[in-house]
Amino acid sequence: RVPLGREQEVLESRPLGLGGYDGVAMSRTPGWEGLVGGDEHLGVTYDGKVWLFASEDNLRAFLRTPQRFARQKLPVKLPPRALKVAPAELLERGERGDLGYMEQGLSNVICAALEA
Numbered sequence: 015r016v017p018l019g020r021e022q023e024v025l026e027s028r029p030l031g032l033g034g035y036d037g038v039a040m041s042r043t044p045g046w047e048g049l050v051g052g053d054e055h056l057g058v059t060y061d062g063k064v065w066l067f068a069s070e071d072n073l074r075a076f077l078r079t080p081q082r083f084a085r086q087k088l089p090v091k092l093p094p095r096a097l098k099v100a101p102a103e104l105l106e107r108g109e110r111g112d113l114g115y116m117e118q119g120l121s122n123v124i125c126a127a128l129e130a
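In the numbering used here, each number is its position in the sequence shown, counted from 1, plus 14.
Just so you know, the hints here were simulated from the structure itself, not pulled from any lab data.
It is possible that part of the hints are untrue.
Unchecked claim - Computed cross-link-like contacts, DMTMM-like style, restricted to lysine to aspartate or glutamate with a CA-CA straight-line distance of at most 20 Å: (1) K87 - D61; (2) K87 - E47; (3) K91 - D71; (4) K63 - E23; (5) K91 - E47; (6) K63 - E47; (7) K63 - E26; (8) K63 - E21.
Given these sequences and hints, build the entire structure.
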């Protein structure tokens, strides 16, 4: 386990497994719903990387069979990281990547409406 109080030091010294997403959640829940960000306080080192988890249960599952979860691959297109910003504010700021955030966020809403 990553020692308490040394999380930042460990996170800066090693790459993140699966980009910081919880590999156990990914294997249990298909699609973007399974792409859950891990908590830096729930991390372990394995195979030269730091693996983060959303829950203590997921961390324990990883420790039982780390090779099962460590061999997963992230999807090519990842969902946008959660931003608490209004769409109008994104357009005003004009920052790079904001249109991609809006496209992915709106596509989720449209897909959910079509499936309802």
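Hint by hint, here is what the structure shows:
| no. | hint | verdict |
| --- | --- | --- |
| 1 | K87 - D61 | holds (15 Å) |
| 2 | K87 - E47 | holds (15 Å) |
| 3 | K91 - D71 | violated (27 Å) |
| 4 | K63 - E23 | holds (13 Å) |
| 5 | K91 - E47 | holds (13 Å) |
| 6 | K63 - E47 | violated (24 Å) |
| 7 | K63 - E26 | holds (11 Å) |
| 8 | K63 - E21 | holds (13 Å) |
Of the numbered hints listed earlier, those contradicted by the structure are 3 and 6.
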